[in-house]
Each structure stands twice: as C-alpha cells, then as structure tokens.
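Chain A is fixed; fit chain B onto it per the hints.
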Amino acid sequence: MVGFEGQKGEFLIMTKKFLKTGLLLFIFFGFYFISLMAPQKAQAMLLREKSLRESFFTKIMDEISLFSGQSLSQSIRLNYDNPLGVEIIFRNPSIEKAQGIFIVKDEKKKIIKEEEFSLESNIQASFHFFSFSEMKNPKGNNYLIEITNTSKIPLIVAYYNQDVYHYGQLYLGEKFKEGNLQFQIHYQISPIREVVNNFKNHLEGNRLFFLIWLVIIIFITLVVIILAKNYQIDKKKKQ
Amino acid sequence: MIKFIKKNHQLVFWLALGFLTRLIIMPFLAHDDFFLVYGRVTKAFLGEDNFLTYSQPLFHLFHGFGFLIARIFTPVKDIFSVFVEQDLSNLHALKIIFLAKIPFVIFEYLSLYLLLKFFQRKDWLKVTIFWLFNPVNLYVLYAFGRFESAVVFMLLWFFWLLKSQKMAWAALIFGFLILTRTFFIILIPLFSLFLGSNFKEKVRYTFFSLAPFAFWYSYNEFFLKKPQLATIFQEGKHGSYFFESQINIGLGQKIYLFFLAYALIWFFAWVKGRTKNFDLANFLRYFFAILVLYYATSCFHPQYFAWVIPFLAFLVIKPEYKKMIWLLLFLFIPILLFWDNFTTLGLLIPLAEFFNDFSPMNFIDKFFPAVIFLNLVRTLFSAVCFYLLWLVLKDKKENF
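Chains as they are written, first to last, in the working numbering: chain A, 69 to 307; chain B, 416 to 815.
Everything labelled a hint here was simulated from the structure, so no lab data went into it.
Mixed in with the good hints, there may be bad ones.
Claimed, not checked - Cut-off 20 Å, straight-line C-alpha distance, at most; resulting in silico cross-link-like pairs (SDA-like, lysine to any residue): (1) B:Lys418 with A:Lys181; (2) A:Lys245 with A:Leu212; (3) A:Lys181 with A:Gln167; (4) B:Lys422 with A:Leu212; (5) B:Lys418 with A:Ile294; (6) B:Lys422 with A:Ala296; (7) A:Lys297 with B:Phe434; (8) B:Lys421 with A:Gly273; (9) A:Lys297 with B:Leu766; (10) B:Lys421 with A:Ile288; (11) A:Lys245 with B:Leu435; (12) A:Lys268 with B:Ile732; (13) A:Lys207 with B:Phe770; (14) A:Lys297 with B:Glu500; (15) B:Lys492 with A:Gly273; (16) A:Lys268 with B:Asn423; (17) A:Lys268 with B:Leu766; (18) A:Lys297 with B:Leu435.
Same shape as in the complex, but just chain B:
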C-alpha cells in the first residue's frame, strides 16, 4: 500500500482530493427522487413491498446497501421518517443522507478501478482527474443523489468481460444492466449485431441478455398479475421520451427522429462497422454513438447523462476530443434549469425546505426569456453531441 502511494503519489493526491470533495458535500444536498427511491427500498426492507414489483428492480436493490449502512447507525423509525415521510426536520436527516450515499462513493471508486484497467499507466492521472472532477459525476451522484455509479459500474464490468472475451458472461451482465436501467434494452439490436460470430451464437447471447428482464417481466405479468410494460410508453413516462422528437409527414404519419438515426447508424454498422472477430473498440464506438444520439434528440433526466462519462473518459485523453468533451460537460449545467428549482437550489432542502421555493427561472426571466435561453443552450448541446457522434464514427483508430 505504502509502496503504491510512494510510486503513485500524484494519483493518490487526486484520489484523496476527490474523496474529500465528496465527503464535504454528501450530507447537505439531495433531490426529492433520492428520498422517493430510498422510501421504496425502506418499505421493501420492512416487508411492506416487494423489490421485484418495482420497475428497474436491481437499481432499487443496489440502494439496499445504503439502507443497511444507515440502519447500522440509525433507528428504523428515523430512517422511515426521513425516507418515507420525507420529514427533513428529523435530527438524523443529514446523517442518514450521508450514510445512504456511502455506496455511491464505493461504486464510483470501483468503477474508476475498472476504468483504469482499460488504460496504460501513463494515462491514469488524466483519466482519474476527469473521472473525479467532471461536473456530471459530482452533480448526479452527490448533489442530485442518484445511484448512477452502480449503473456505470455494471456498464464497465460488461465492457471488461467483453475485453476478456467472456462473451456469455458479458451478455448475462448486460441482462442485469437492463434490470438496473431499462434504457439499455434499446441497445439490444446493436448488441446482437456485434456479439457472436454466427447466427447460433448471436441468438444465444441475445437470449442471455434478455433472460433477466424476461424473468422479471413474466413474474410480474403472470405470477403477480401486475403488468409493467403497459405503462412504460404512456405520455409523460420515461419510455415516451424517445417518441417526442418527430417529423410530421402528413396524414397523421410521423417519423421518429431518434429511431430514424438509430436505424441509419445500425445499417452503417452492419455494412461497414462489423469485423469477423469481435472488436471492442468498434463496439464501443457504436454504443457511444447511440448514447449521444439519444442525448441529442430526446429529453433525458439529469442522472442519465452519467452513463456517458466512461465513454468520455476514453476519449478525453485524445487531443482532438478534449475541448468538445469539456464543452459538452459544461453545457450540461444550464440544462438543469429546465427543472427549475427542483434540480438547482431545491437540492439544498436538507438544510432548509424553503430552498424549494426559489425559482432561478423566474430570476432569469427578469432579464431574458428563460425558456428561449435554455432551448438555445439545449440546441448547442445537441450540436456538440452530433459533432462527437460524427467524430467517433469517422475515427478508425484501434483504440476507442
């Protein structure tokens, strides 16, 4: 350990500084959804609910770590009061928020460990600084309070298994990733295109990747008689976001922008992108392209943007990408204003609930129409996403 510190003291400096930053902000910031998810998990642990009835059950199960850590140091009635009743005047509130975020840090550092395995030692410092101090990770995990480090950990584990050529295991982990965040089911067509060298293998890997989701769905549909998929695409639900950017072509017919571009990228990958043997760099290139396409064309919640950070970490060490990546990350910050106080000042509710009532949008409106300003930023953000997509797809280097 001491030998490692002596040899890598610059790296350890940034790791320690990152840890310090996190420790300081952890108890004081959280979004309503942080309490909502932990509220469900508390109920499940108290036997009032069943984890498997939640959509994205593995995501909730990961929160179980946070609940158990908080449970060691706090009576259940206080955890219930903070998470279920959302009573932030409870004197244990700040402590519970801090303890519940400990797994977020553990998984973030585990993800960094996995990520560094993809890099040569000379790049470790750059990647570590980027990982620990990009505004997205800091905001999403510790200010917004979402457990996206678990999702990113699963994602990196999946990539690591692919790199190790353990395809069947990778497919299974991808399946569990879908149970953590259903969004990733959208990548199944790409996954099936790249994994497996013949039709039989492709079917096998696709089956593995869909099995956990199919099990969960069947359990809810046939055993509990609680249909889960029916509501996914309803208006206002997260699944409906894919369909909101559209082109009307007349007679009530519409072309969905995201799916149109996805299909084009998929065809391009089919014709030009595939190699006989599985090529991880190529797969990552198309995976990234679909992800940024989603951010460019569809509405997304702030926490979703954390999924792209490992990809950006791969790219940020390349000079031609560096500026665009930092621009994208900083354009992400004003986009948070779309949710007004709920994603900005309202995150300070653990300190005093009145923070929920200050509206930055009303403040901007006094100088310039806030919605126009935000949509201009959003347009620029999408332009940067498209530019990165184009850069990545034309990049034919061996490394992603």
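Just chain A, same shape as in the assembly:
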C-alpha cells in the first residue's frame, strides 16, 4: 500500500513537472511566434508611410480665416535632409472653390518655391500636400512658408493657439501671432541612418566626453565581472 501511494505520489510529481515544462514551452513558443509576426507587421506599417514625417498638429484645432489678399507665414526648421514637402490642414465650407498661393522662402527671404493651389468646395478639414523643390543641405536651416488667399471667399487654415512648435513662429501678414500652423513635414530618409549619423556627429563633437564615459563604463563592467565571479564562488560555498 505504501509502495503504491509512493508510486502514485511520484506519478503526480512527474505529471506536474511535465505540465509545468509543457506550459513553459507553450509560453516560449507562443512568444516566439508572436515575435516572428510582430516585426513584419511593424515593418509593413513603416513601409506604408514611406516617408518620415515630422508632425506638428494636435487634436485641439483652431482656425484662421484668411480674407481675400491676406497672407500668413510660418517659419520652420528642416531637421533632416531630403525634404519631400509639407502638409497643411485646410477647410472649405463654401460652395465655391478656394484658391491661394503657396510660397517657400529661404533664410535670406529668397523665393525657392511658388505654387498656386485650389481647394474643392464643401471639404472638411484635411491635409493638403505641397511638394518642395530640391534644396541643398537643408538640415538645420530655417525656411518660411507663406500662404496667400487669392480667391474672394475666406481661406480657412488650421492652427493651434499655443506655441508648441519650438523652431518657428507664426505671422499674420507682418504681425506676430501666438501659436503655430498645424502641419507635417515629409522627408525621404532612412531612420536608422539618421540615428547613426546623429550619434556620429555627437561622438565627433564631444570626443573627450564620450571617451571618459566609455572608460568609466569599461572600468565598472570589469568591476562587475570580478564581483560576479566572487558571487558565484560564494553561492557554491553556501550550497
């Protein structure tokens, strides 16, 4: 009887162990399959966008109505090379088409792009894309985007009434206006290359700092390794 109970006990222990191992394997392979799937989908999401976007728009939206002949300008800074263009939010509740001129000026106020555009009648707030002409090394430079209403009906542009954009200011005509346009800039760059380039620039600009930082890290890593060896010996001694 005792023997039988002992075997039964052993069987139960074995079953429990088997179930535990099975559960661990299930969780491990579950995560493995999820991880196989996730990067592909994440990649697809990134590829779908194709361009890198710098967005400066919020869910809270205010509007500026530009009357006939009125213009506004927003100074921007291009943070990366190869800018494709800029998207600005417009709305046109009128039954007529709205028309305007989009201009990009460089730091010397020289016009580098000028484009006439029109907005269909009865459209809800939506992005309108303006492409940039080719720019030489624009990264880190400031530009001015200007919108002028050339139609008789008001041209309605989305803006946010607080200064959330640190790189530029908004002007209504020549007059400064608090807040900034709601817009996003598109770039054609590789995010990984951008991170690597940025880090390289920081490394080159601050060699001494990064050298000291690296030396400290190597020194502490060595200390940790030595202490880890003692830790193992100590554990074995206790066992």
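Only chain B this time, still in chain A's reference frame:
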C-alpha cells in the same frame, strides 16, 4: 572601504551593476518635461526668472545641482540652446543630458542609503536589488528624466526623523517636501492625526509642516501679486485629477471617489489606527494606503508613481506581498501608453527627433482597440492597488 567591499561583495556587485545600467542609458533618453523644467531652471540661473515664482520651487531648486554640473563642462549658450530652445541637434545635447542627470543618481543612491537604515542587514540585498532594478525607478529617473529621487530622498529623510523621534524636524522636512511636490499637502489631515500626543503638539507640528508652503504662497500672493493657488484646481491642471473620478447622485450633486475613500480611511485610523505613543509602522501603513488609493482612483503622471517605491521596498521582503508588488510594477509599464509616443518611443528624441512621430497606440489599434486594452490594464492596476491597500490595513505586524 575595501573591508566593506570584502564583507558585502554581493551587495557591491548589485550596486555596481545598477550604476552601470544607469550610466549606459542616461545620455540617450529624455522626455519633453525634462527640458521644460531644466529650461526654467536655466532661465532662473541666468537671472531671467525667480525660483520662488515657480510652483514646487524646491523641486526646481534641486535641478540647480544638475544645471551647475552641466555648467562646469559646457558653455552656457549650449545649455541654453538645449534646455530653453530644445535644440537637440546641438552637439553638446547628449553630454548635457547626461550631466544634468548625475544628481538623479546621487539622490537615488542617497535614498537607498537612508532606506537600508530601516532594515536589518539580512534584508539589505533583497531591498537593494528591488530598489535598483524595479522598472519604475529606471524609467522615471533615467528614461522619462524626472528628478523624483530628490522627492523620495526628502520622503525617506522625513521617515528617518520620525523614527528618531525628532518630530519637530520631521514636520519641517515634511513642509519642505510639500514645496518639492505639492501633492503631499493632501496628507496633512493624516499627518495631524498621527503626530503629537496632545492638541497643542498637533497644532505645533501642523504649523511647522505648513509654514514653508505658507511662506511661499504669501510671497507670491502679497509680495509679487502672482496668485498661485487659483489655477491649481483648473480643468486639466494636476490638482483637478483628484476630482475626476466621481459618482453622480443626481441634481448635479457628485461624490468624489478619492475623498470619500480617504475620509473612510481617516475615520478608520482615528478610531482604530491610533496609539498613544507615535507608532511609525502604523503611520506608514496609512500613508501608503492613501498613496495607493490615489493611484487606484485618480489619473496620475508616470513620475508620481516613483513616490510609492520606498513603501513597496518595505513590503517586498514579505512573502505575502512580493507577487502583488511585482505585478503592480509590471502593470505600470503598459499604462505609459496612455500618453502614446510622448512617454514611450518619443523618449529617444535625444538620438533623433523623428522618434516623437511613431505612435504605439496607432500600432495596437490595428489589432485591438488600444484605448479599451489600456483601460482594461488600468482597471487591473487599480484592483491590485486596492488589494494592497486592504492587505496593508489588515496587517497588524509591528513592522510596516
């Protein structure tokens, strides 16, 4: 020193590993608010602003250490460009971020030193590992970049003074804690209940604890004519979070959930929790209960959760609490997604600004409604908070 290392080499191993982890991540991660606070501090040091006009002035003053360290190694114009203009393409940006976080590490280790004073030597290792490797401290201090280690240091100093029976000093430090994070003013009713054995003493200690705040308030209100309290409870401000969880009882009348539960805990403490002589364990028990009640019922910013870590360190060495505490800490991680890219991928902006534009919420939305998922996690998080609250209040052991 060498003797200490030889005697405690396991402890030193974890201390060194913790330090190494921090050194590696420090230069590369920061939230917008890190630059915002340091921007204000830079302006104050350059004479453009006055520390005392800021809400939570002591919190800003603590950042002065970081500014001064950065100032030793970097020209002011670069510090101004990074902190005030938030120009992260500045070649000194990573260095400045690293240097500005050095006080965060110093205060974190000082807090650990104070914390270990509450424990027996046999528990030091467990507490140290918990302190250095819980995701909250690592995230809040070095990824999010908030100086909560200064707040926690003040909190532990306050507890240490209570343990040493230096009540008047403890009250004064609590007063300075309120100037560091105004939130702690909410604990004054509890503080007044426990500190002081008679009415006169209670009034004295309450006066000490409110004096620094009263001084700051009066200075702004009457001297600078800049009212500070008027905006605290406005919609969207941090003070308004207490009032957002509510029960409508009709005719426009509401019951505020946090204050309802706070009042119940306070009455319970008044009737059952008090002892004639001050009992630190009991006081900590109720302090913790109010804190987790706040997390359970109100919206809170990620950095606020660092305040509870010393309490969790007290509890994590007890087997009955261990699992629930680690569950709570890991439930904290998905809650960060409520702020989408700003508290997740956007923290990598020191490396490239485009990280601010990747939205994890949009990604989750492709598989499951992200808001529902997050609110489910938030509900579970609150349930764990309530469970811990109940465990602590029914726990009648001598140690907290």
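### Task
Could you work out which earlier hints the structure fails to respect and list their numbers in ascending sequence?
1, 4, 8, 9, 11, 12, 14 and 16
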